[in-house]
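Keeping the supplied structure of chain A fixed, place chain S upon it in accordance with the hints.
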Amino acid sequence: MRRLTIPGRLLPVASAIVLVWTIVPACAATIEITMENLVIAPAEVTAKVGDTVVWINKDVFAHTATAKNGDFDVNLPAKASGRFVLKKAGSVDYYCRYHPNMTAKLKIEP
Amino acid sequence: MFIRCSAAIAAMVLFGSPALAQGAKPTDPQIAHIAYTAGVIDINAAKQALQKSKSKEVKAFAQDMVRDHEAVNKQALVLVKKLNVTPEDNDTSRALSKQASDKLAELSKLNGAAFDKAYVNNEVAYHKTVNGALETQLIPSASNGELKSLLQTGLKIFQGHEQHAEHVAADLK
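Top line first, the protein sequences correspond to chains A and S. The working numbering applies: residue 1 is where the first sequence begins, and numbers increase by one. The working numbering applies: residue 1 is where the second sequence begins, and numbers increase by one.
Next up, chain A with everything else stripped away, as it sits in the complex (with noise of 0.2 angstroms):
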């Protein structure tokens, strides 16, 4: 039987891709949400447990993303934005304490 050998010129490539295989899972993405004159952007956002979001606050009031069962309040002063790394999944409505009329949503997997 042969053994399946790696031409030594290729090992540098194979080892990359390897490596890569192995981090990718792991790297959480961080997933960016805006909130500009009132409105928050994009309102439904898929993501996995690990992930981050930021909130990116462009009006010149405060917000906040408030989750309706509890489960995050991050505040974002005018101009400044705020994150939260999800640590459970579920289906979250969230909105702003200050303008209720601000509402989305995330939809976090496993």
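Each hint should be verified, as a subset may be incorrect.
[Said to hold, decoys possible] Straight-line C-alpha distance at most 27 angstroms; calculated BS3-like pairs for lysine-lysine:
no.	chain 1	residue 1	chain 2	residue 2
1	A	K58	S	K82
2	A	K68	S	K82
3	A	K79	S	K47
[Claimed, not checked] Over 10 angstroms on every C-beta distance to chain S, these chain A residues come out as not near it, computed from the model:
no.	residue
4	T30
5	A41
6	V45
7	A47
8	V49
9	T52
10	A62
11	N69
12	D71
13	V74
14	A80
15	V85
16	S91
Keep in mind that the hints were calculated from the coordinates and are not lab data. Built from N, CA and C at the ideal position, the CB exists for glycine as well.
Using the frame of chain A, we list chain S on its own:
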């Protein structure tokens, strides 16, 4: 009943004032003045609440009102300067101010829970009235695009405040 009356008066002030009567559309300088005045009125009401109220929730709400309306009015001032528009006093602004100072005087006689309730209920009614005026009259009448867009942002802010005030009112019950 009492609240409904004050909202009705505010509505009459906004919709039935001589300045806006006979289908006359308010001009941009008048609209800017009315919108700015509406913001100042809410800031003054909030400052009274910050002095008088003992409720943490009511005070937090009042602080939100000061912060947001000051931010809107600051933007309004930048815009009128940029557009070289001088806000023009008018009967609607005057009537609004008169009604607001009467309300401040009335609320100054109340204390504790009675004050909190009256303040928050008036906030619901006041924002509702201003939203109605913005939607049906001020925004459609504005001829400058940037003024119109600022009023539209203002409308969303005011709608947010109306809902926020409704939440606070429900908590006070």
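For each hint, the structure was consulted:
Taking the CA atoms of K58 of chain A and K82 of chain S, the gap is near 21 angstroms; set against the 27 angstroms cutoff, the hint holds. About 41 angstroms separates the Cα atoms of K68 of chain A and K82 of chain S, which puts this hinted pair outside 27 angstroms; it is violated. A C-alpha spacing of about 25 angstroms is found between K79 of chain A and K47 of chain S, which places the hinted pair at or below 27 angstroms, so the restraint holds. A cut-off of 10 angstroms between C-beta atoms confirms that T30 of chain A is not in contact with chain S; the least separation is 28 angstroms.
Once the 10 angstroms rule is applied to beta carbons, A41 of chain A is consistent with being away from chain S; the minimum gap is 14 angstroms. At roughly 21 angstroms from the closest C-beta of chain S, the C-beta of V45 of chain A stays outside 10 angstroms, upholding its exclusion from the interface. With a least CB separation of 26 angstroms from chain S, A47 of chain A remains clear of the 10 angstroms interface cut-off, as annotated. Here V49 of chain A stays apart from chain S, with its beta-carbon at least about 30 angstroms from theirs, past the 10 angstroms limit.
In this structure T52 of chain A is separated from chain S by more than 10 angstroms, as the shortest Cβ-Cβ distance comes to about 27 angstroms. Listed as a non-interface residue, A62 of chain A fails to keep its Cβ farther than 10 angstroms from every Cβ of chain S; the least gap is roughly 6 angstroms. Every beta carbon of chain S lies more than 10 angstroms from that of N69 of chain A, the smallest distance being close to 17 angstroms; the non-interface claim holds. At roughly 19 angstroms from the closest C-beta of chain S, the C-beta of D71 of chain A stays outside 10 angstroms, upholding its exclusion from the interface.
Every C-beta of chain S lies more than 10 angstroms from that of V74 of chain A, the closest at about 16 angstroms, which supports listing it as non-interface. Listed as outside the interface, A80 of chain A is consistent with that label: its C-beta sits roughly 14 angstroms from the nearest C-beta of chain S, beyond the 10 angstroms cut-off. Against chain S, the non-interface label of V85 of chain A holds: every CB pair exceeds 10 angstroms, the least being about 27 angstroms. Listed as outside the interface, S91 of chain A is consistent with that label: its C-beta sits roughly 22 angstroms from the nearest C-beta of chain S, beyond the 10 angstroms cut-off.
Violated hints for the displayed structure, listed by number in ascending order: 2, 10.
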